[in-house]
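**Student:** So the chains spell out like this:
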Amino acid sequence: MRWKTALCTLAAMSFAAIMSGGQAQAAENAKCGLSNGKAAAGDPIIIGGIVSVTGPDNFSSSGLAAAAYFKCLNANGGINGRPVKYLMQDDAWNPEQSSQLAAKLIRDQGAVALVGNMSFVDCGANQGIYEKEDIMVIAGVGVPRDCFFQKNYAPTNAGPRVSNTKAIMDLAATYPGKIKRIVCIAPNIPNVGEWSCTGAVSWIKKQGGDGKIITFDPGSLDATSLVLEAMAFKPDAVSVGTPKGMAVPIFAAAEEQGLADKLHWTGPASLYNLDFPRAIGKYWDGKVTVDMELKAADANTPDMNNWLAVMDQYGQKSDPRDTFSQAGYLAARVTAETLLKMDPAKIDRKSVTAALRSVKRFESDILCAPWYVGDGPRHNANHTGPVAQVKDGKLLPKGQCIDAQDPELDDVRAYEKTIGISN
Amino acid sequence: MSEGLEVKGVDLQRSGKAVLHGVDVTLARGRITALLGANGAGKSSLVLGIAGALPIAAGQILVDGRPISGLRPEAIRALGVAAVPEGHQVLGDLSVEDNLKVAGSHLPRAEVKPAIEVALDTFPELRARLSSRSGTMSGGQQQMLALAQAIISRPRYLLADELSFGLAPVVVGRLVPVLQKLAQQGVGVLLIEQFTHIALKIADIAYVMERGRICFHGEPGELVRNPDILHSAYLA
Amino acid sequence: MPDFTPFFVSGLATAATYVLSAVGIVVLYRASGVVNFSQGALGALAAFVSWSIVENGGPAPLAWCAGILVSTVLAFLYGRVLAPRLAFSDPVMRAVATLSVALILLGFMGYVWGELPRRLRLPTDTISFELIGVRITATRAVAFALAVLATVAVMVFLARSRLGLQMRALANNRDLSALLGVRVLRADGYAWIISGSLAGVSGILLADLQRLSGQTLTFAVIPAISAAVIGRFSSLPATVAGGVAIGVCEALLTPVPVVGPFRTAVPFIFAVAALLWMQRRFTFVYR
Amino acid sequence: MIEIDSLTVLFGGVRGLNALTATLPEPVTGLVGPNGAGKTTLINVLSGFVRPASGSVRIDGENLDGIVLHKRAAFGIRRTFQNEQVVENLTAAGNVAAVLDNVPTGGRPRQQLIEAALGFVGVASKANVMGANLNAYERRLVEIARATVGRPRLVMMDEPGAGLSQEESEHLRSVIKSIHNYCGAQVLLVDHDVDLISATCVATLVLDFGSQIAYGPTAAVLADPKVRAAYLGIVEEGA
Amino acid sequence: MFTGERDVTDQTLAYSPLVDAKRVRLKRVAAVVVALAIVVVLPEILSNYWLRTFISVTALAIGSLSVSLLFAQLGMVSLAQYGLLGVGGWFALRISHGLGVPFELALLTGGVVAAAFGLVVGLPALRMRGLYLAIITLMMAGAIQVLISAFGFPDGGAGILGKSTGARIMMARPQLAATDEAYFRYAMVVLALCYGVVFLHMRGRPGRAWAMIRRSEVCALAGGVHIVAYKVWAFTLSGFLAGIAGGLLAGGVGQLDGSAFPASQSIMLFALTIVGGAYSWMGPIIAGLMLRAFPALLNDLGVDGNIATIVFGAGLLHALITAPQGIAGQLQEAAVALRKRFFGSSGAIR
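Chains as they are written, first to last, in the numbering used here: chain A, 1 to 423; chain B, 424 to 659; chain C, 660 to 946; chain D, 947 to 1185; chain E, 1186 to 1535.
Bear in mind the hints are in silico, worked out from the structure with no lab data behind them.
Please read these numbers as outputs of a predicted model, since none were measured by experiment.
Where is the CB? At the ideal position from N, CA and C, for every residue including glycine.
No incorrect hints appear here.
With beta-carbon atoms standing in for the labels, derived distance ranges:
1. A:350 / E:1492: 35 to 43 Å
2. E:1366 / A:361: 37 to 45 Å
3. E:1486 / A:258: 50 to 58 Å
4. A:318 / C:936: 45 to 53 Å
5. E:1346 / A:410: 24 to 32 Å
6. C:718 / A:258: 26 to 34 Å
Build the full structure now, drawing on both the sequences and the hints.
**Tutor:** Put into structure tokens, the structure is as follows:
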């Protein structure tokens, strides 16, 4: 009997948990591609996507947004009549699995491009096959350094390093002369941890301040020690540069020590998640800023509203509406619009790669600056964005776009000059 | 059916090897039954088989007419069959008092204390050592404790395997009368003993076992008069 | 030289949750001979259930009770239904079998709740006080008190109660205890219940002190097992000392420059050292 | 020749052997006594499994203290076990080979030695049968083959005769009697089976409570009333 | 006189024929033919997804072989083998990146270093076995994991501990086996070689010594086996195999991730080796398939990763309860039953 009761309780709870996922928003009709309302029925174009669903964190909202966009596209004439068959795969944070999936998508399924990728392991594990097969990856979200140092990998997001830098720059601008010493906390994941903090630290040092990078083992449970370690540096600001799940205990530990009023707290775009303010609680109201990479969800601008409309009409209610979702939407949009300009009969991997490389200026009101792919040896087109503040259980944008002043971006800026994007 | 513990045609295997073949033994209440035989003849296996610690492969074991095959050891103990295994085994990490209490596990809570008192009256030596760890006691004291544990469970049948194993004769002399007294109180005692003279002196019935089979069963006096039976069983 | 006091105080609370888990592991191992790798996963499940009830507007105390009840019932069911089928297997296999339970729970929690930033909030979080320069929420104090209380309660239970005595008897010699009339399966069942409820309590506390994540809470079992190893899976005081030592040392190493990054190895080093020390005498293995 | 000099073994305060002194020169020596008398303990001391508290043992004039455990087999001290120890996942020949790996071959081909050892005990036809598929008696014989291969000095057998049928028992006796002639080793035989002892042993040592209570020609020793009392537990009239 | 004795016993003891030498030879030839067919044909028919999956399967089969070597030969439980796999992979990558040596050399270096680690892991086995050994090796696996993640996996930077500042560099595959097909064949050959090494040991002096130790330590000592040496050697060899598996895995993916070698994976490797059937040569291969091909199949079928974990856990539990001899044991029983059905009750093919 007890077992049955337990089962019922569990089932009820599971249901409740699933249902409480997201909240619906009324929106106007979503516009995708040709926007002709005709379902595409031709020979499908295969596009793949690799994300991490299972594992330490659910890292898939970018792929989900791309999937929603392509669904919308297929309902609206597709690529000049040809539907896009979008294959989203879960690599479970496992490089082996990621490499198997890349082989499957590219070699077995014959994908012409990968879009909306969002994974900690994909960039590293699959760099070889991407270059070898010369397939272009228009990723939604790149995290490790590898994602920003490949010829064939172009993420629409800014990356944790740029994001951390912007977060600190914003604090320095808000409190002029007050931010002298910073601490940047990151998990010791190879090619993520230290690298993601170096931009912020080198920027503050350039301003005459000092910075410290603390990397920690994600398996460690003792967040208080981590916070105390940060406090030992006597910082004026701390950037919590971790995936959202890991950030929660760090903020909890800081709350316990009553640190919100003693110094300034910020974090990169990985914390930009609608659940985040609720997870860290009321205490942090107005006391945390979060970098956004892209503009705020409630900006009420045409493309922003279109993204929300696409998600509402073609996505699941439980799909997150976060910055990564925006990135996935943008990645899908730029790909679709590029393909639309091509001869539908001549769409193959080679031509798609070439076409995507020739994207030199893609504009959206979700982005602060025009985005591009280009044929440079690496891609980090998004390095300008706004910052949000935690307020009333929400993330409210603070205002101006900030351009990350990270010396690592010098080559990117130089390339931008050659294609006429920056001046 | 009738009173008594009956072992009927029992086969038993230990780690894949047959150690008992069609063994028939009957214990009557109030009597001491001696089971003799050389090492490895299967006496201890029989005790463990009756007590439920080893599964029997064939045959039947009845306690007062009730079949007990397949019951767990604790259930058989609760039916009134108390086994005292070879080698004065006690719960060495536990105190003497705890050992005694554990032996009363299947008794109603209120009856445990009186039962322990009875056992302690039988072995007053243990009273002084109630709080000491039983593992630190001498072999003789441990054997007394093991017997006391059996007494606490108020057995109808007591299976005593090699009570004198490795003990000084003085101690053995102390234990034997206890068994006799139990038998007088109506307990059916199975006595396995390497000191055959002790066993034969106090037993009412004797069985001799050889290589997993009962080869003799009858009056102990017959064995005393006719030692060749015993010698052939031991010295074959 | 860094100031170690705040780290010491902060390590104590983490240590307390290790202790709670470890005590459950030791009680279970003593009575039934099973090392339970699913202790952490059971705790995580309890935390998720509590969280869901609170999220849906349920009263908090009911939520905690429901969570602990779920972990307790699951542990009991495993102990009563599945564990006996492995009774004749090697102890290692029995431990590995509990790992598969952890996997099932992990998958279930991932499927139902997913990995999102969550934290289970307890009312005690809002109360805090200062102790040698470190602010401590009442939750930490409660965790520590619960750890002490649970340990003492379990020790008293084992020492005084009839069932506790039977568990000690089982731990000493399982076969002989059965011959002496100890109802083995019943005592086993209670051991699973104790360990399941301790898993629930420690899971809920960890979900508050750290975060509510299936993966993190499931693998929190490792330091708990290390603590149990230090207690040789038998001595509760040694287990408590082990848990506290592991938690505190891990925290104390944080500000030390070179070894800091390696501090998560503390449970392993403690356990290995403890095992080697215990087994320092050479013995032959008869079979 | 085995020379035992005031050998004492303690098991946590209990004396397994109590200042045992004996000289055993005969090719086949029996070792008897009631349970717990210290027979197996003595064998374990010679094998090196039990460290004596005091005293020493010399074999062929060599003090055993100087020979580390895993070298004793090569030195020539071999044994069989009370609970048989045949390796189930090796063939009978493999079982013998496993010992031959570690003992002197005297320059003879290994295969020949293995065949000879199995042939000697009478299980040559089972050479390629897995230990797991041998019956209890065959296993016992394989253990003896293991103990006699490669120049043993002393072969100790712990209750080889328990639970055998009539024919098996007779065969075992002939094997035990011929070990000394076969490989030159001295045999130390522990058994409860007094018939086996008297049929095979030239001399017999009787232990009780870890001490010698009698030593001499087997027949004479077994007739000793003291021995009968201790061993059989039968108190003869007037004793 | 002894010939007489022998005659007597040969009559009293049942005669058993020697193993039919012709049949054994035929079996061996058949096995080699089948193996060659697999090496030639399998890579051709597999899709690229399964090709990469099977590269991992092959590597994990070697990892499982290292577990079963200890478990089946010595009766020792090591829950550190996946950690050793990580060590092997780490060093193979490091050597390959830092010195640019040929793949084979990097692979061997990985194996040798993992063997040294294996030796250390095995030292406690001199004193303990069973549960305590299992837990101590598990703790060592945990420590290895911490070491690996604190140092970070090599990514192709300059120098021996170099961190790359640009793109990550993939580990160079052997020149002969740059494509996935060729690398899969290469991996299968390495697997065959590893099996060869293990079989040579099993057949020879170490195998006999291990068998004695597994029977019991007193048995081994009475037979003059140097227990310490053979135990240490078994752990070293097993570490070497795990290291080779790690190197092979690194070559397959081109890189490895520090988070991919947690202690829990070591338990899985052990559990599935048992479930596969540690006492059979098929066991490690089945374990490799279960560890990599089964999740890949679920993934390919679009099963949610969490559901796959549940299925995996339930399957493991079921196998532990119902198949003590592992799947290989069940297959063999099924094969015997089939033979009986088709070739009569003798169950033998002549």
